[in-house]
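Chemist: Following the hints, put chain W in place on chain L, whose structure we already have.
One line per chain: the protein sequences are L and W, in this order.
Sequential numbering from 10 applies to the first sequence in the working numbering.
Sequential numbering from 7 applies to the second sequence in the working numbering.
In short, the hints are calculated from the structure, not lab data.
Wrong hints could be hidden among the right ones.
To be verified - Each computed DSS-like pair below joins lysine-lysine, with the alpha-carbon atoms no more than 30 Å apart:
1. L:Lys122 with W:Lys250
2. W:Lys148 with L:Lys118
3. W:Lys255 with L:Lys122
4. W:Lys53 with L:Lys17
5. W:Lys218 with L:Lys118
6. W:Lys218 with L:Lys17
7. W:Lys53 with W:Lys541
8. L:Lys122 with W:Lys161
As the list claims (entries may be wrong) - Not everything, but these chain W residues come out facing chain L in the computed CB check (under 8 Å):
9. Ile50
10. Gln163
11. Ile165
12. Val166
13. Leu202
14. Gln205
To be verified - Here are the computed distance ranges between Cβ atoms for each label pair:
15. W:Lys541 with L:Trp165: 46 to 56 Å
16. L:Leu44 with W:Gly47: 27 to 37 Å
17. W:Ser358 with L:Leu44: 41 to 51 Å
18. W:Asn242 with L:Glu41: 20 to 30 Å
19. L:Glu159 with W:Asp238: 50 to 60 Å
20. W:Ala296 with L:Ser171: 56 to 66 Å
Note that the coordinates shown come from a computational prediction; the quantities given were computed from them, not determined experimentally.
Glycine included, C-beta positions come from ideal geometry on N, C-alpha and C.
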Amino acid sequence: MEINLNRKIVLGLGNTLNKDEGLGVHVLNALEAKLGAVPQLEFVDGGVLGLNLLPWVEGSSHLLILDAVNAGQQPGTVIEMTAEQIPMYSGIKMSDHQITFQEVLGLAKFRGKLPPQLHLIGAQPVDIGIGLGLSGEIAALIPELLTRVESQLASWGLLNLSG
Amino acid sequence: MTNRIVIDPITRIEGHLRIEAELDASNTVSKAYSSGTMVRGIEIILKGRDPREAWAFAQRACGVCTTVHSFASIRSVENALGIQIPAAANLIRNLMIAQQYVHDHVMHFYHLHALDWVDVVSALQADPKQTSAIQQSISPWKNSSPGYFADVQSKVQAIVDSGQLSLFANAYWGHPAYKLPPEVNLLAVAHYLEALDWQSHVTKIHTIFGGKNPHPNFVVGGVPMPIDLNSDTALNIDRLSIIKDSIQKIVEFVDQVYIPDVLAIAPYYLDYASLGEGLGNFLTWGEFPATDNSDTSKFLVPRAVIVGRDLNNLIVPDPNDIDLMKEFISHSWYEYSQGNDQGLHPFEGETSFKFTGPYPPYDFLDVEKQYSWLKSPRWNNKPMEVGPLARVLVMYASGHKQTQDLTNAVLKALGAPLEAVFSTLGRTAARAIETKVFADAMQGMYDDLVAEIKAGNTKTFNDEKWDPQTWPKSVRGFGFMEAPRGALGHWVVIKDKKIENYQMVVPTTWNASPRDPQGQPGAYEASLVGTPLVKPEWPLEILRTIHSFDPCMACAIHMIDADGEELGEVGTGLSVCTTSI
Numbered sequence: 010m011e012i013n014l015n016r017k018i019v020l021g022l023g024n025t026l027n028k029d030e031g032l033g034v035h036v037l038n039a040l041e042a043k044l045g046a047v048p049q050l051e052f053v054d055g056g057v058l059g060l061n062l063l064p065w066v067e068g069s070s071h072l073l074i075l076d077a078v079n080a081g082q083q084p085g086t087v088i089e090m091t092a093e094q095i096p097m098y099s100g101i102k103m104s105d106h107q108i109t110f111q112e113v114l115g116l117a118k119f120r121g122k123l124p125p126q127l128h129l130i131g132a133q134p135v136d137i138g139i140g141l142g143l144s145g146e147i148a149a150l151i152p153e154l155l156t157r158v159e160s161q162l163a164s165w166g167l168l169n170l171s172g
Numbered sequence: 007m008t009n010r011i012v013i014d015p016i017t018r019i020e021g022h023l024r025i026e027a028e029l030d031a032s033n034t035v036s037k038a039y040s041s042g043t044m045v046r047g048i049e050i051i052l053k054g055r056d057p058r059e060a061w062a063f064a065q066r067a068c069g070v071c072t073t074v075h076s077f078a079s080i081r082s083v084e085n086a087l088g089i090q091i092p093a094a095a096n097l098i099r100n101l102m103i104a105q106q107y108v109h110d111h112v113m114h115f116y117h118l119h120a121l122d123w124v125d126v127v128s129a130l131q132a133d134p135k136q137t138s139a140i141q142q143s144i145s146p147w148k149n150s151s152p153g154y155f156a157d158v159q160s161k162v163q164a165i166v167d168s169g170q171l172s173l174f175a176n177a178y179w180g181h182p183a184y185k186l187p188p189e190v191n192l193l194a195v196a197h198y199l200e201a202l203d204w205q206s207h208v209t210k211i212h213t214i215f216g217g218k219n220p221h222p223n224f225v226v227g228g229v230p231m232p233i234d235l236n237s238d239t240a241l242n243i244d245r246l247s248i249i250k251d252s253i254q255k256i257v258e259f260v261d262q263v264y265i266p267d268v269l270a271i272a273p274y275y276l277d278y279a280s281l282g283e284g285l286g287n288f289l290t291w292g293e294f295p296a297t298d299n300s301d302t303s304k305f306l307v308p309r310a311v312i313v314g315r316d317l318n319n320l321i322v323p324d325p326n327d328i329d330l331m332k333e334f335i336s337h338s339w340y341e342y343s344q345g346n347d348q349g350l351h352p353f354e355g356e357t358s359f360k361f362t363g364p365y366p367p368y369d370f371l372d373v374e375k376q377y378s379w380l381k382s383p384r385w386n387n388k389p390m391e392v393g394p395l396a397r398v399l400v401m402y403a404s405g406h407k408q409t410q411d412l413t414n415a416v417l418k419a420l421g422a423p424l425e426a427v428f429s430t431l432g433r434t435a436a437r438a439i440e441t442k443v444f445a446d447a448m449q450g451m452y453d454d455l456v457a458e459i460k461a462g463n464t465k466t467f468n469d470e471k472w473d474p475q476t477w478p479k480s481v482r483g484f485g486f487m488e489a490p491r492g493a494l495g496h497w498v499v500i501k502d503k504k505i506e507n508y509q510m511v512v513p514t515t516w517n518a519s520p521r522d523p524q525g526q527p528g529a530y531e532a533s534l535v536g537t538p539l540v541k542p543e544w545p546l547e548i549l550r551t552i553h554s555f556d557p558c559m560a561c562a563i564h565m566i567d568a569d570g571e572e573l574g575e576v577g578t579g580l581s582v583c584t585t586s587i
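One chain only, chain L, in its complex shape (with noise of 0.2 Å):
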């Protein structure tokens, strides 16, 4: 049980007692539903762990981040970031997290480890008060995501939309 340097992780973050919060969390288990098993493909419920995540990171090669995003866009805004942007996203202010994996991602990369393919797919949160289960709107862009996400896999070969 060495660490696969090739696995191929859909992470999903955030923490699902409030609301929007747990986005990243309610996309992967959507998706995990839609999908059923995929070859090579782990779904992963990364929660609000923090540096217990890094053997995660570090032991792929293909890594797409399901996550609630604050990027200063409208709440309900579908937010996609590439592998440059990633490293500077910014975490929701009232949870840590987001501050947390930005330094799990840091260390990744001083230890010449971060995936070489890595992707985020989430969207800016309407509501991250106490409670489970998503807002509304954010329910709402849940068919939109998975297929942002679907599309994702299929660009790195793995999964066949066609199929």
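Modeler: For chain W alone, kept in the frame of chain L given last:
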């Protein structure tokens, strides 16, 4: 003249922490106030839910402590329903809990706390040959050549040259309170990086026993992983051998890296052996049941209270005692239906928010009124410190031989008296001592598990009370857990098969609590009094003591002087924790 400084936010995911400290004319802390500036709503979310599923929500309250909240939750339901878990399940749980301690403590030491003592930038001045000589003199650890340390040094140099200090950006490099020689700084930086590789090996125990990782599975009545040596999907020979290997890697790192590093760093900071204690009262709910969760006399860490440093008089607290265990809110932004001056036992606990200001912008909290989202838990009307120091003292006082030997050996190495344990340094040393005790205990737990399996005791789940039809109409229970940060309690009231009330009292609520109705400070507040600051605009000394409690916080610090002028903006380096504990 008094001057009040503010450190805010010392953030964490479900409860940002703010410290306000009053300094006297010599820049020594005369009073301190600790404020949790964010609210936790898990208690509200759990009302009306199936108690068997509470753990799955409770574990989301915390980023690092998913395991501890899950265990406290399922133990509370098992306690309420009178469920005894099978022996093999108890051993598997103990192994998971012990692994959690070691993993958490090592990561805390290197990735949160060490940067309070270790000046990363100074490591650039080190002679790698000398660092190598130091390493070889303190431990047989394999990574000890001059070339190895030169390589680490050039990595750090590259970061500094790039202008992106990133992970090392947020600290007080060059602060005069840093005392380590460059060579020891380099040693610690090397192990900071090595700990990251080590952690991927040690989490395998959770992956195997929990079925997956992160967020392993839990079940009321036992553990979800069946034992079948001939099955590919159960706990089998292959998986047992991975666990055995993982335990070896855990023990090796603790013995050869963590403990020697603590002993190499501590002699430079002996002033902290008489600073930062605080209350002198300690509480443990206990951990590592031998078999039966209700038989606390057979716990490795006993359930006990120490009052006023009196190690000769261990008191056994009853968490269900309505009169002794209470949470007060006189300085917290809550309201109680029967009045805010009384305390409530968690079984009768209420989570009803009532924010009374101040509204931003403001300079200071109104500490005479309400100033925290944390309640003030008190045992027998006394504030308590929880965590590694409490556990080591309780084990020491109850006659645990290894704990006594290790504690005495550390004190002897530092030339310090027993009283020195009541300090910031004592707290940090206690964390290392208990890490060794628990890491060493894992081998015995593993052997016991193998013995149970050989004897045919492979049952891991007790389903007698799984069906809610078997439950009484109304019942309540207490779930304990000695989380890495200290005594964690979940109290559940179950009525008509649903959760009627659920209250958590987490370690940081004990340690970071505001003053109570009698004006008694919480552990953080008390611990900072008497701490001199060399450079008040860079309050490194405050961070050392606060971090010695391991308060799960990511920190970016704004310091504001009495005139409301911002003096500087700094952070405290990396945080491994993103949570409410």
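Chemist: Confirm or reject each hint.
Modeler: Each hint tested on the structure:
1. L:Lys122 with W:Lys250: holds, 28 Å
2. W:Lys148 with L:Lys118: Status holds; Cα separation ~25 Å.
3. W:Lys255 with L:Lys122: Cα-Cα ~22 Å, so holds.
4. W:Lys53 with L:Lys17: violated, 38 Å
5. W:Lys218 with L:Lys118: Since the Cα atoms of Lys218 of chain W and Lys118 of chain L sit roughly 26 Å apart, the hinted pair holds (cutoff 30 Å).
6. W:Lys218 with L:Lys17: Roughly 17 Å separates the two Cα atoms, so the pair holds.
7. W:Lys53 with W:Lys541: violated, 48 Å
8. L:Lys122 with W:Lys161: holds, 14 Å
9. Ile50: Ile50 of chain W check passes; min Cβ-Cβ to chain L is 7 Å, inside 8 Å.
10. Gln163: violated, 12 Å
11. Ile165: holds, 6 Å
12. Val166: violated, 12 Å
13. Leu202: This hint holds: Leu202 of chain W lies near chain L, its Cβ roughly 6 Å from the closest one there, short of 8 Å.
14. Gln205: holds, 7 Å
15. W:Lys541 with L:Trp165: 46 to 56 Å: Roughly 51 Å apart at Cβ, these two residues keep to the hinted range, so it holds.
16. L:Leu44 with W:Gly47: 27 to 37 Å: With a Cβ separation near 32 Å, Leu44 of chain L and Gly47 of chain W satisfy 27 to 37 Å, so the hint holds.
17. W:Ser358 with L:Leu44: 41 to 51 Å: holds, 43 Å
18. W:Asn242 with L:Glu41: 20 to 30 Å: With Cβ atoms ~26 Å apart, the hint holds.
19. L:Glu159 with W:Asp238: 50 to 60 Å: violated, 31 Å
20. W:Ala296 with L:Ser171: 56 to 66 Å: holds, 60 Å
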